[in-house]
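One line per chain: the protein sequences are A and B, in this order.
Numbering follows the working numbering, with no gaps: position 110 of the first sequence is 110.
In short: position in the second sequence from 1, add 312, done, that's the working numbering.
Possibly wrong hints are sitting among the right ones.
Derived list of chain A stretches under chain B, where covered just means 3 residues or more per stretch with a C-beta under 8 Å from a C-beta of chain B [as the list claims (entries may be wrong)]:
#1 34 to 47
#2 257 to 264
Taking beta-carbon pairs under 8 Å as the criterion, some of the chain A residues facing chain B (in silico) [claimed, not checked]:
#3 Arg116
#4 Ser128
#5 Met145
#6 Asp149
#7 Gly158
#8 Gly159
#9 Ala160
#10 Trp173
#11 Glu247
#12 Tyr269
#13 Val270
#14 Ile273
#15 Ser275
#16 Asn276
#17 Gly285
#18 Met286
These aren't lab readings, by the way, just hints derived from the structure by calculation.
Positions of the beta carbon are idealized from the N, C-alpha and C atoms, including for glycine.
Residue strings, one per chain:
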Amino acid sequence: MKKPKKNQMAKEKFSWDLMRKQRYLLMMSVPFLIWLIIFKYVPLWGWIMAFQEVTPKTFAMSVWERPFVGFDNFIKAFTDRLFAQTMINTICISILGIALGTLGAIVFALLLNEIRMEKFKKFTQTVSYLPHFVSWVIIASIAKMFLNDGGALEGMLGGARLHLMSSNSPLFWLVVCFVNVWKEVGWDAIIYLSAMAGIDQGIYEAAKVDGANRFQRIWHITLPGIKPTAIVLLIMSIGSALNVGMERQMLLGNAIVQDHAMVLSWFAYVRGIGSNNYGLGTAIGMFQSVVGIILLFIANKVAGMFGESKLV
Amino acid sequence: MKTGSKKTAFDYVLMVFFCLLIVVTVYPFLNVLAISLNDPVDTMRNVNFIIPRKFTLSNYIYIFAENDMLKPMLLSVLRTLVGTGLGVVCTSMLAYVLSRKDFYFNKSFTIIFIITMYVSGGMIPEYLLIMRTLRMGQSFWVYIIPGLIWVYNVILMRSFIEGMPLALQEAAKLDGANDFVIWYRIIFPLCKPVLATVALFVAVGQWNSFMDTYLYARELPTLQYVLYEIMQSAQIKVDPHAAAMGLSTATVSPMSIRMAVTVVATVPILIVYPFLQKYFVGGMTLGAVKD
Numbered sequence: 001m002k003k004p005k006k007n008q009m010a011k012e013k014f015s016w017d018l019m020r021k022q023r024y025l026l027m028m029s030v031p032f033l034i035w036l037i038i039f040k041y042v043p044l045w046g047w048i049m050a051f052q053e054v055t056p057k058t059f060a061m062s063v064w065e066r067p068f069v070g071f072d073n074f075i076k077a078f079t080d081r082l083f084a085q086t087m088i089n090t091i092c093i094s095i096l097g098i099a100l101g102t103l104g105a106i107v108f109a110l111l112l113n114e115i116r117m118e119k120f121k122k123f124t125q126t127v128s129y130l131p132h133f134v135s136w137v138i139i140a141s142i143a144k145m146f147l148n149d150g151g152a153l154e155g156m157l158g159g160a161r162l163h164l165m166s167s168n169s170p171l172f173w174l175v176v177c178f179v180n181v182w183k184e185v186g187w188d189a190i191i192y193l194s195a196m197a198g199i200d201q202g203i204y205e206a207a208k209v210d211g212a213n214r215f216q217r218i219w220h221i222t223l224p225g226i227k228p229t230a231i232v233l234l235i236m237s238i239g240s241a242l243n244v245g246m247e248r249q250m251l252l253g254n255a256i257v258q259d260h261a262m263v264l265s266w267f268a269y270v271r272g273i274g275s276n277n278y279g280l281g282t283a284i285g286m287f288q289s290v291v292g293i294i295l296l297f298i299a300n301k302v303a304g305m306f307g308e309s310k311l312v
Numbered sequence: 313m314k315t316g317s318k319k320t321a322f323d324y325v326l327m328v329f330f331c332l333l334i335v336v337t338v339y340p341f342l343n344v345l346a347i348s349l350n351d352p353v354d355t356m357r358n359v360n361f362i363i364p365r366k367f368t369l370s371n372y373i374y375i376f377a378e379n380d381m382l383k384p385m386l387l388s389v390l391r392t393l394v395g396t397g398l399g400v401v402c403t404s405m406l407a408y409v410l411s412r413k414d415f416y417f418n419k420s421f422t423i424i425f426i427i428t429m430y431v432s433g434g435m436i437p438e439y440l441l442i443m444r445t446l447r448m449g450q451s452f453w454v455y456i457i458p459g460l461i462w463v464y465n466v467i468l469m470r471s472f473i474e475g476m477p478l479a480l481q482e483a484a485k486l487d488g489a490n491d492f493v494i495w496y497r498i499i500f501p502l503c504k505p506v507l508a509t510v511a512l513f514v515a516v517g518q519w520n521s522f523m524d525t526y527l528y529a530r531e532l533p534t535l536q537y538v539l540y541e542i543m544q545s546a547q548i549k550v551d552p553h554a555a556a557m558g559l560s561t562a563t564v565s566p567m568s569i570r571m572a573v574t575v576v577a578t579v580p581i582l583i584v585y586p587f588l589q590k591y592f593v594g595g596m597t598l599g600a601v602k603d
């Protein structure tokens, strides 16, 4: 009999016999599925707490017994005395971070791509992404030593007083974003460099023949070449615009700059875990996620409207 | 760009620029190292140096002998080893199953896993789940179990396995091997390059992790958390034993101690850095390719 050609790896209809045949595959994956449901889907189900009163008073009750309070938690969060400033901080740090980060990475990649000594290029790149692998705790420790009043940077500038870490003003946003660029610029540039490596070298040769100089080649060939990559990355970063990490803010901040360091995720921690109002904390987290998804869709639509490559 | 062509002024400007950039990246690390190896009193004078002016190991002796840094350090090493070992084995096992197109639940399982890359319940529900429902707080396993698998790594490994010739699996099957044996004997050993990438991803994540200690297990401090605590406390508590042993309070300064701990926490990253940059960059661009 002729052996069916494709059946070896094709999907079959459901039958208990098939389940028995694939029992090893089931045994190798079902435990992880259970793990996934416990650690990833149960917290999603926990969003129900955003509409309940969840405080130590109601802890003993089951999910169904807890009093439902409608949108009370959200209203409480939005009218919190910290909320307005927290929102401003989150948005500003986010936009500033995306702008500086993207610009830095693109400029870095463009310039590095122009270096003609391969060895020097490789070495520079290797050094540049070292800080990416170092934890935020360490980076914050180093940054504070450097930027604090009387720290190394002020010493370098002949004892000038910069008050980088001790002025309760938007200056702290800049400090956070610059430290972030210092840590991540080399790493973020990798993806642009690989996009540049994918540009057809023939186009450069042709432009050269046509008399285009180096800057014209960068402007008319390299930049359009990395545009799709840049747009995909931008869309993704806009989607996480409200998810400014609490870890970085907390580690770099201090009591003096607190007002300008507070961001949404930290706010959720302070109100949720810090003052035992878990319903309120969940509501803030949920607000963050939902707005993130909406922003992602908007950014995606806008990119599509301008005829750019879309993410989805 | 073409090599061998004549260098213009622009090339030299570029070189100078990148040399400066290297200095800006490396100087803070060297500065920290130098402070940690310098006499604390001498450091107070001026913190800008990269060669220790008055060499001493007293800061390191202090953190290990007097400040009980050994336990957090061992804990950090342990969680990195256990977390990476288990993580890699589980990731590759799951990746293999999801690479099997003939597996009945292939599509549905894949979708269920991928969804979690985009939506998450957030900090508070996770906190309540781990601390109250599962009661994992203050236990070692809170460092391992909740972050056991990263879906991103599963996808990375699955595409690698899908690139392997199917004939290998079919031949093993004809020889009577079951699916577990195929994974264990054939797929797992052949995955070495991508295993290295994933292992390094997970290991760096484990070593650098700070938030899980902060949220769930402050009684089991890791090195990163200890460094955080030292950063928070302006004054280091001086052990009376230290004074008795001749390490007078004057030889200990918060900043020097902090810098010494910073160096201790950074060194393991520097040791694996050559491997990191070999495998990581490959993994990064591999993941960037949309399939």
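Status of the hints after comparison with the structure:
no. : hint       : in the structure
1   : 34 to 47   : holds (count 12)
2   : 257 to 264 : violated (count 0)
3   : Arg116     : holds (5 Å)
4   : Ser128     : holds (6 Å)
5   : Met145     : holds (7 Å)
6   : Asp149     : violated (12 Å)
7   : Gly158     : violated (11 Å)
8   : Gly159     : violated (10 Å)
9   : Ala160     : violated (13 Å)
10  : Trp173     : violated (21 Å)
11  : Glu247     : holds (5 Å)
12  : Tyr269     : holds (6 Å)
13  : Val270     : violated (11 Å)
14  : Ile273     : holds (6 Å)
15  : Ser275     : violated (12 Å)
16  : Asn276     : violated (11 Å)
17  : Gly285     : holds (3 Å)
18  : Met286     : holds (7 Å)
Going through the hint list in order, the structure does not satisfy hints 2, 6, 7, 8, 9, 10, 13, 15 and 16.
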